[in-house]
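Okay, here's what each chain looks like letter by letter:
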Amino acid sequence: MLSYIVRRILQAIPSLIGISIITFVLLHIVPGNPVRILLGQHYTPQRAAALAQSLGLNKPLYMQYLIWLWNILHGNLGYSYNYTEPVTYLIGHALPNTLSLVLIATIFAQLFAMLIGTVQAYFENSIADHVITVLNYFFYSMPSFWLGILMVMFFSIQLHWFPSGGVVNPQDPNPGFWDWLHHLVLPAATLTLVTLAGYSRYMRSSVRETLLMDYIRTARAKGLRESQVLWRHVLRNSILPQITLFGLSFPALFAGALFIEEIFNYPGMGLLYWNAVGTLDYPVLLGVTMFLGALTIIGNLLADILYSLVDPRISLESMS
Amino acid sequence: MVTETQVANSAGEPRVQATKWRTWKRFWRYPLSSIGVIGMVLLFAFCFVGPMLYHVSPTQGDFTALLQPPSAKHPLGTDDAGHDVLARMMVGGQASLEVGFLSAFVAMAFGTLYGMVSALAGGWVDIILMRIVDILLSIPSIFILLFLNATFKPNVGLMIFVLAATSWLGVSRIVRGEVLKIKNETYVEAALLAGVRTWRLMTKYLVPNFIGTVLVTTTFAVADSILSIAGLSFLGLGLPPPAPNWGADLSAAMNYIFQNAWWLIYPPGILILCSQLFVNFIGDGLRHALETRTD
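Which chain is which? The protein sequence lines are A and B, in order. Reminder that position 47 of the first sequence reads as 47 in the working numbering, one-by-one numbering, no gaps. In short: position in the second sequence from 1, add 320, done, that's the working numbering.
In case anyone wonders, no lab produced these hints; they're calculated from the structure. Misleading hints may appear alongside valid ones.
To be verified - So the derived list for chain B, only partly shown, Cβ under 10 Å to chain A, looks like this:
1. Ile455
2. Ala573
3. Val599
4. Phe601
Claimed, not checked - Interface residues of chain A toward chain B, partial, derived using beta-carbon atoms under 10 Å:
5. Pro14
6. Thr23
7. Ser144
8. Leu147
9. Ile157
10. Pro251
11. Phe254
12. Ala255
13. Glu262
14. Trp274
Don't be surprised by glycine CBs; every beta carbon is placed ideally from N, CA and C.
Given only the sequences and the hints, what does the whole structure look like? Please build it.
Below, the structure written as structure tokens:
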């Protein structure tokens, strides 16, 4: 087990270097000059040269990359051009927001998906199954940014139940946990609804497949109560694909979070990246991309480990 | 000596025809497919034929009617600059549909070729090619799209290229898996022994075996592309104004949610939703008809 985890982490290193090279090269080959944007109307060739020198942008590209890599190995992601703060500080503030949004949404989406998918498969071709299928299609096809706007329109502007954006109430001198939760409800609900449909479609088909297995017939034949068949035999076998799906859906979740952060003005990684795009804030763009890449790789690793924990039939050794 | 053509003919052309016919029938029997196809035809008609029948400029404002709810003169109301919403919705979908379909097809063609090359080459080439795919897949594509669109001045051609560049990854993996499965079948070996060229091997022996799976994946990629272009426009990075776009109009409508300007918020959202729904219906119909599994 431990040797497997160590090996997977070692395998992740070339991937991370790959992500960094691709992002670095992509950022620097495109037209657009951060020095020009930073100086704005104060632009003169002398000032531009001085600023480029101080930011290290006048060095050859491979040197810039190596310096950046050297710094990152020392835990230094550089300074943002815009905020003149260390990138690690900016990410340190944004990451908890995005992670709490994504994790809460995923947990709720997975739980509801298990419930909905099981009900659908268990009562296949019933009215409930058809109604849920239609709803699933609807939410599966729903653009997250439109759903977000509708949420604000109904629950924030018309009903005044939840705030329309931000993470804290600016008028509250010491916002606590409840204030934070109050601000998180609408963004998390939006992300839950748009990811739920995909998960529950998977769940429905995997429960359907499990129900046809011989061991289910055996379980019923030996006189187990239906609830026991469902909990012990059907559910435990059907949630396995969901775990892999969870690992694979990380990039999509971050992408979904980007739109939601933009609509709800929620200060997470997406909003940080989005603000850095306009000004070509290279260190922030690189830092955020690296972090999300690393999180995706960790997510996949976690999913594989979880998979083997839940299903003793699968040994990690055989997977690698 | 048995030639390659003879091997192909002995495999039996008529059987392929019969399968095609059966697949076609299965596709149309599936209720969602016809809804999807009819819906998509209507959507195309709305965007491309609509402006020929409804002669109102989407970019010239009516200054006597700013931010007006639907009326006889403006069936879907007007926005803050007096633009007619109905005209904007019609023209606004054109680029989305063009870019959505074309980029998906470019991506699928490239992904199929890439996956086949990877699987056929095997060894180190395969490992490196697939590692590249893994790496690119771990960066959320919207982040790359955002960046590329912010630095280049987007036009339809560039959008097709950029969206295709980020959506070929999944299909290359699927195709590689399929080719690995059939690579050692006897009919492929027979073809190789008969001295078939690589290109012919790909197009005549390999592609027909997994074209169904690729077709299904392509359909869902069309939905993804349409959603991506709407999303990018929503973030202000789609095709530059004044060209109308569903996503950009939705983003502009956000400024008026406090005035409850529902006629600005519903039409673009419903149109994006419909495009997604119809394409997904067609995709599921194809999946059902071709009995493929795409995970």
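Going through the hints against the structure:
The beta carbon of B/Ile455 comes within 4 Å of a beta carbon in chain A, closer than 10 Å, and the hint placing it at the interface holds. This hint holds: B/Ala573 has a C-beta 8 Å from the nearest C-beta of chain A, less than the 10 Å allowed. At a threshold of 10 Å, the smallest CB-CB gap from B/Val599 to chain A is about 8 Å, leaving the interface hint in force. The interface hint given for B/Phe601 is met, as the beta carbon of that residue sits about 8 Å from the closest beta carbon of chain A, less than 10 Å.
Among the interface hints, the one on A/Pro14 holds; its C-beta lies about 7 Å from the nearest C-beta in chain B, closer than the 10 Å criterion. The closest approach between the C-beta of A/Thr23 and any C-beta of chain B is roughly 7 Å, which is under the 10 Å cut-off, so the hint is satisfied. Because the closest C-beta pair between A/Ser144 and chain B is about 8 Å apart, less than 10 Å, the hint holds. With its C-beta approaching chain B no nearer than about 8 Å, A/Leu147 sits inside the 10 Å limit, and its interface hint holds.
The criterion of a C-beta within 10 Å of any C-beta in chain B is met by A/Ile157, whose closest approach is roughly 6 Å, and the hint holds. Proximity of A/Pro251 to chain B holds as hinted, the smallest CB-CB distance being about 4 Å (cut-off 10 Å). With its C-beta approaching chain B no nearer than about 5 Å, A/Phe254 sits inside the 10 Å limit, and its interface hint holds. Of the supplied interface hints, the one on A/Ala255 holds, with its beta-carbon coming within about 4 Å of a beta-carbon of chain B, less than 10 Å.
With 10 Å as the threshold, the beta carbon of A/Glu262 comes within range of chain B, its nearest partner Cβ sitting at about 7 Å, so the hint holds. Evaluation of the A/Trp274 hint against chain B yields a held restraint, the C-beta minimum of about 7 Å falling below 10 Å.
Going down the numbered hints, you'll see the structure goes against none, and every one checks out.
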